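Visitor: If you're matching them up, the sequences are chains A and B in order. Note that the first sequence covers residues 1 to 236 in the working numbering. Note that the second sequence covers residues 1 to 236 in the working numbering.
Just so you know, the hints here were simulated from the structure itself, not pulled from any lab data. As the structure is a prediction and not an experimental result, all values here were calculated from the model. Errors might be hidden in some of the hints.
Unchecked claim - For lysine-lysine, the following BS3-like pairs were computed, each having C-alpha atoms within a straight-line distance of at most 30 Å:
| # | chain 1 | residue 1 | chain 2 | residue 2 |
| --- | --- | --- | --- | --- |
| 1 | B | LYS44 | A | LYS67 |
| 2 | A | LYS44 | A | LYS67 |
| 3 | A | LYS44 | A | LYS2 |
| 4 | A | LYS206 | A | LYS2 |
| 5 | B | LYS67 | A | LYS206 |
| 6 | A | LYS2 | A | LYS138 |
| 7 | A | LYS44 | A | LYS206 |
| 8 | B | LYS138 | B | LYS206 |
| 9 | B | LYS44 | A | LYS44 |
| 10 | A | LYS132 | A | LYS2 |
| 11 | B | LYS206 | B | LYS44 |
| 12 | B | LYS206 | A | LYS67 |
| 13 | B | LYS67 | A | LYS44 |
| 14 | B | LYS2 | B | LYS138 |
| 15 | A | LYS138 | A | LYS67 |
Unchecked claim - Which residues of chain B face chain A? A few of them, derived with a C-beta cut under 7 Å, are:
| # | residue |
| --- | --- |
| 16 | GLU12 |
| 17 | SER105 |
| 18 | MET152 |
Virtual Cβ for every residue (Gly too), placed ideally from N, Cα, C.
Protein chains: 2
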Amino acid sequence: MKRVLIVHAHPEPNSFTAAMKDAAVQGFEALGYEVRVSDLYAQKFNPVASGDDFQVRANPEYLVYAKEQRASYPDGTLSPDIAAEVENVLWADLLVLNFPIFWFSVPAILKGWIDRVFLSGPFFGGFRFYDKGGMLGKAAWVTATLGGRPHMFGARAVHGELDGMLSHLLRGTLGYVGFRVLQPFFGFHVPYISAHERATMLTEFKHAVSDVEQRAALTMPSLDHFDERLRPLDPH
Amino acid sequence: MKRVLIVHAHPEPNSFTAAMKDAAVQGFEALGYEVRVSDLYAQKFNPVASGDDFQVRANPEYLVYAKEQRASYPDGTLSPDIAAEVENVLWADLLVLNFPIFWFSVPAILKGWIDRVFLSGPFFGGFRFYDKGGMLGKAAWVTATLGGRPHMFGARAVHGELDGMLSHLLRGTLGYVGFRVLQPFFGFHVPYISAHERATMLTEFKHAVSDVEQRAALTMPSLDHFDERLRPLDPH
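The following block holds chain A by itself, in its conformation from the complex (with noise of 0.2 Å):
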C-alpha cells in the first residue's frame, strides 16, 4: 500500500483549491493509497523558522538554524509541532503540495512549512542534494491554482514560463532534497471561471489524481556532472 500525504494550504474552506483537496483525499483512497492531510490553516501552522524551534539550543548565544536543526533532529529536540509534520514526509511515498499561487510562490504559510520541515540532515546536507538527496526515492507533486491565464505563460509570453517562475520550489525544493517531482498541475484563471468550468477543471484534477503514477516527471540536474567542488565536469 502506498502513501501520500497532502499538504494544503488555502484561507478559504469553501475554495476550489479546498475542491481540489478533497477530491485528491477520495482519488487516492480509491487508488488504495493511505493518505494523510496537512491542512496548514485548519492546523494554525505557526511559518515563522527561529531560535523557539528547538527545545535544546546547541549553541543559545547566536542561532544558525541549520546547524540547530543538525542537532535537534537526532536528539529529538524539535519543536513537537515540526517533529510530526517530519514524520509526515518520512511516512509518505507521495508528497503533494496543494496550494493557489501568491506571487509565482507558494502562500506564506506553506512557505514556513518547508523553512521548517525540510531539515538540514535527514533531507539533505553537504553534497547530498538532486540525485543524492534525503528525499530519493519519493516522488512529489505540486497542485496549485492561479489567477493568469495559460497564454500569460511560455517562452515569448508576458509572464515567460511558469515553471521558471516556480523553479525556487521545483528544482531549488523540491528537486534539490530528491525528490522526482511529476509535471504540477495547475487550474489557471480559477477566481474568474463559471461553475461550470470549475467543474470540468476538477474532473480534469481527478483524472490527472488517478493517472498520478504515469504522470511524467520534470529533468532535474544530477551531481554526476559536477565535480567534488560542484563545479561542471564539461563546462562547455
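Knowing the structure of chain A, use the given hints to seat chain B on it.
Guide: Just chain B now, kept in the frame of chain A:
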C-alpha cells in the same frame, strides 16, 4: 530628500545579515536619505494572510483575498499592521529587502509581508502591472545572503542562474508591481567564511549602498509589447 524603507528579516539579531541592515541604515543616512526600517522578526510580524486581515468583510461568507483587499484599502478597514506597512512602502522612493535566502526565496515571514502588504488595488490590478504597475517611479533592491558559492550559479552551474531561481521575487513580485528592480547584492557562502572575509564583504556592501543611485536595473517586460488580452503583439 530621498526616502528608503529597509525591510529586514533574520531570526538572529547578531547575524551578518543584520550587520548589513545596520550598514545600510548608516550608508543611506550618509547619502542624505530619510530611513525607515521594518524589522519583521523584532516586530513579530504576522505572515499569514487570512480573513482576519480585514476589519470589515465585503463578503463574510466566502474569502477571496484580493477582492477584500480592493474593498478594505479605500475604506480604511485593513488590519493596522498591514496598513502601517503599506504606508511605509508608499512613503519610500526605494524599498530594500534584506534577508537570508531560504530555499532560493525569502523567509516565510518576509513572504507573508509581501502576501499581505502588496495590495490588489494600489500595487497592481487589471492591466496595471510591470511598466504599468502601481509602484512605478520607485526602485527596489534585494540584498541577500546565502550559503552557496558563486560558481554554483550560472547557465551550466549546478543550480542554474541565481536571478532565474529568484525570478518569482525579482520579476514576478517586485517587477510586477512596477518597481525599477536594481541588480541584487548577494553575500555568498556567508555561514562558512572567516571573520576577515565577512569584513571584506561588508565593506563591499557599504560601497554598493554608497553607489546605489548608479546601480544598474534588471530588464523587465513592457506591456506595450502585448495586446489587450496580454498576447504578444509579435509572437515570433
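Visitor: Hint by hint, note whether the structure agrees.
Guide: Evaluation of the provided hints:
1. B/LYS44 x A/LYS67: Distance ~23 Å between B/LYS44 and A/LYS67 Cα, so the pair holds.
2. A/LYS44 x A/LYS67: Holds - the C-alpha atoms of A/LYS67 and A/LYS44 are around 26 Å apart, at most 30 Å.
3. A/LYS44 x A/LYS2: holds (28 Å)
4. A/LYS206 x A/LYS2: holds (18 Å)
5. B/LYS67 x A/LYS206: holds (28 Å)
6. A/LYS2 x A/LYS138: holds (11 Å)
7. A/LYS44 x A/LYS206: Within the cut-off at roughly 28 Å; holds.
8. B/LYS138 x B/LYS206: holds (21 Å)
9. B/LYS44 x A/LYS44: holds (16 Å)
10. A/LYS132 x A/LYS2: holds (23 Å)
11. B/LYS206 x B/LYS44: Roughly 28 Å separates the two Cα atoms, so the pair holds.
12. B/LYS206 x A/LYS67: holds (28 Å)
13. B/LYS67 x A/LYS44: holds (23 Å)
14. B/LYS2 x B/LYS138: holds (11 Å)
15. A/LYS138 x A/LYS67: The given pair, whose Cα atoms are some 25 Å apart, holds under the 30 Å limit.
16. GLU12: holds (4 Å)
17. SER105: Hint on B/SER105: holds, closest Cβ of chain A at ~5 Å, below 7 Å.
18. MET152: holds (5 Å)
In summary, this structure violates none of the numbered hints.
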